[in-house]
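Q: Letter by letter, the sequence shown follows residues 379 to 706 in my numbering.
Treat each hint with caution, since some may be false.
BS3-like, lysine-lysine: derived pairs with alpha carbons at most 27 Å apart [claimed, not checked]: (1) Lys-455 <-> Lys-632; (2) Lys-455 <-> Lys-488; (3) Lys-488 <-> Lys-436; (4) Lys-488 <-> Lys-682; (5) Lys-488 <-> Lys-511; (6) Lys-540 <-> Lys-436; (7) Lys-632 <-> Lys-511; (8) Lys-436 <-> Lys-632; (9) Lys-682 <-> Lys-564; (10) Lys-460 <-> Lys-682; (11) Lys-632 <-> Lys-564; (12) Lys-540 <-> Lys-564.
Between beta-carbon pairs, the in silico distance windows are [claimed, not checked]: (13) Gln-500 <-> Gly-570: 32 to 38 Å; (14) Asn-499 <-> Gly-444: 43 to 49 Å; (15) Thr-649 <-> Asp-474: 25 to 31 Å; (16) Lys-682 <-> Thr-458: 20 to 26 Å; (17) Ser-668 <-> Asn-499: 29 to 35 Å; (18) Gln-500 <-> Thr-649: 44 to 50 Å; (19) Gln-502 <-> Ser-668: 40 to 46 Å; (20) Arg-545 <-> Leu-450: 27 to 33 Å; (21) Asp-453 <-> Pro-489: 16 to 22 Å; (22) Ala-476 <-> Gly-699: 29 to 35 Å; (23) Lys-460 <-> Arg-553: 25 to 31 Å; (24) Lys-455 <-> Gly-570: 34 to 40 Å; (25) Pro-489 <-> Pro-514: 40 to 46 Å; (26) Gly-603 <-> Ala-480: 32 to 38 Å.
Source of the hints: derived by calculation from the structure; they are not laboratory data. Given the structure is predicted, the values throughout are model-derived calculations rather than measurements. Every residue, glycine too, gets a C-beta built ideally from N, C-alpha and C.
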Amino acid sequence: MLIKKPDDIKSSEITSQANYLDRRNFIKGAALAGTVAATGLVYKSFNSPAPPPRPAEKIANLAAPGNVAPPLGPDDKPNTLKEISNYNNFYEFTTDKAGVAAAARNFVTKPWNVVVDGLVNQPQTFGFEDLLKIAPQQERIYRHRCVEAWSMVIPWVGFPLKALLDRVQPQMSARYVAFQTLYDPKQFPGQGRFGGSGLDWPYVEGLRLDEAMHPLAILATGIYGETLLPQNGAPIRLVLPWKYGFKGIKSIVKITLTDSIPPTTWNRAATDEYGFYSNVNPDVAHPRWSQAMERRIGEFGQRKTLLFNGYADQVASLYTGMDLRKDF
């Protein structure tokens, strides 16, 4: 059996887990995340011609976000729209990061409804236009850290998740918030029988209620002042900058408040690899690679990963008294 050294592993062997997923035991034999050489290939691809993105619409009347998050430093320059829209994990379309944009080109997002139910006093079904009226749209420039040890800086547009939850009035017994992605194999070929990922569909995620109510947690509706492209989770997705990117469920159609921990897709697929919390933590390694360093897309080399992705001052109090190695 040939065992490759980390420096010999290609990026395509890392990020496409299609050959290893079998819903319960896909862990064995997958490779370490990213290499400098692989990042160089990614960088080269961003400087080569790419298919034009599907046209997006300008978002009018953006509000100032206020002092919600710490300002980013000079080494946290936002990634380009080309990078953000052509390097995506969205297995509902394809396991090929560079192929998501093309696979998502004809994704239909109008009309779109989001059901909010469960332990709430005012369960409602919101049309997308209704969601946009809940709170002013704000630009939030956040670091984005993937569990695969690559990162970006993304200028999201959206509104606080708290504003939506306040609208439906959570009951006293509500402790968690569950999220669900659209299930539509006709639009999402990856959800079909031959999709290749082996995951259980639809994609589901979850948070504790206090996490969901945190000011940093937003429902994103755009990037760079324009509406979300399909490959980025259109028309509405969750953004949690202190957690690994897979917690940011895309194309949301249902939000349910509950009194028990909801199942989440990656935790259900591999409990020992993907915890319920999945907070960015350089001191807690993934079973197959270290999380101490990361590679910023568009750059060569590595940079240190920050605890809670650099948002520790804002969110660490949510986890007071918890063992972050056990509750990863």
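Q: A separate judgement is required for each hint: does it hold in the structure or not?
A: Okay, the hints, checked on the actual structure:
1. Lys-455 <-> Lys-632: Answer violated: Lys-455 to Lys-632 is near 33 Å, above 27 Å.
2. Lys-455 <-> Lys-488: Roughly 33 Å separates the two Cα atoms, so the pair is violated.
3. Lys-488 <-> Lys-436: Within the cut-off at roughly 16 Å; holds.
4. Lys-488 <-> Lys-682: violated, 41 Å
5. Lys-488 <-> Lys-511: Holds. Lys-488 to Lys-511 sits at ~17 Å (cutoff 27 Å).
6. Lys-540 <-> Lys-436: At roughly 24 Å apart (the allowed maximum being 27 Å), Lys-436 and Lys-540 satisfy the hint.
7. Lys-632 <-> Lys-511: holds, 18 Å
8. Lys-436 <-> Lys-632: Measuring from Cα to Cα gives roughly 26 Å; hence the hint holds.
9. Lys-682 <-> Lys-564: Violated: Lys-682 and Lys-564 sit about 41 Å apart, past 27 Å.
10. Lys-460 <-> Lys-682: OK: Lys-460 and Lys-682 at ~24 Å, within 27 Å.
11. Lys-632 <-> Lys-564: holds, 19 Å
12. Lys-540 <-> Lys-564: violated, 32 Å
13. Gln-500 <-> Gly-570: 32 to 38 Å: Given range 32 to 38 Å: holds, Cβ gap about 36 Å.
14. Asn-499 <-> Gly-444: 43 to 49 Å: violated, 28 Å
15. Thr-649 <-> Asp-474: 25 to 31 Å: holds, 26 Å
16. Lys-682 <-> Thr-458: 20 to 26 Å: Given a distance of about 23 Å, which is inside 20 to 26 Å, the answer is holds.
17. Ser-668 <-> Asn-499: 29 to 35 Å: violated, 46 Å
18. Gln-500 <-> Thr-649: 44 to 50 Å: violated, 34 Å
19. Gln-502 <-> Ser-668: 40 to 46 Å: 44 Å Cβ-Cβ, so the 40 to 46 Å window holds.
20. Arg-545 <-> Leu-450: 27 to 33 Å: holds, 30 Å
21. Asp-453 <-> Pro-489: 16 to 22 Å: violated, 42 Å
22. Ala-476 <-> Gly-699: 29 to 35 Å: Because 43 Å falls outside the window, the suggested range is violated.
23. Lys-460 <-> Arg-553: 25 to 31 Å: violated, 41 Å
24. Lys-455 <-> Gly-570: 34 to 40 Å: Between Lys-455 and Gly-570, where Cβ atoms are some 39 Å apart, the hint holds.
25. Pro-489 <-> Pro-514: 40 to 46 Å: Violated, at about 23 Å.
26. Gly-603 <-> Ala-480: 32 to 38 Å: Roughly 24 Å apart at Cβ, these two residues miss the hinted range, so it is violated.
When each numbered hint is compared with the structure, violations occur for hints 1, 2, 4, 9, 12, 14, 17, 18, 21, 22, 23, 25, 26.
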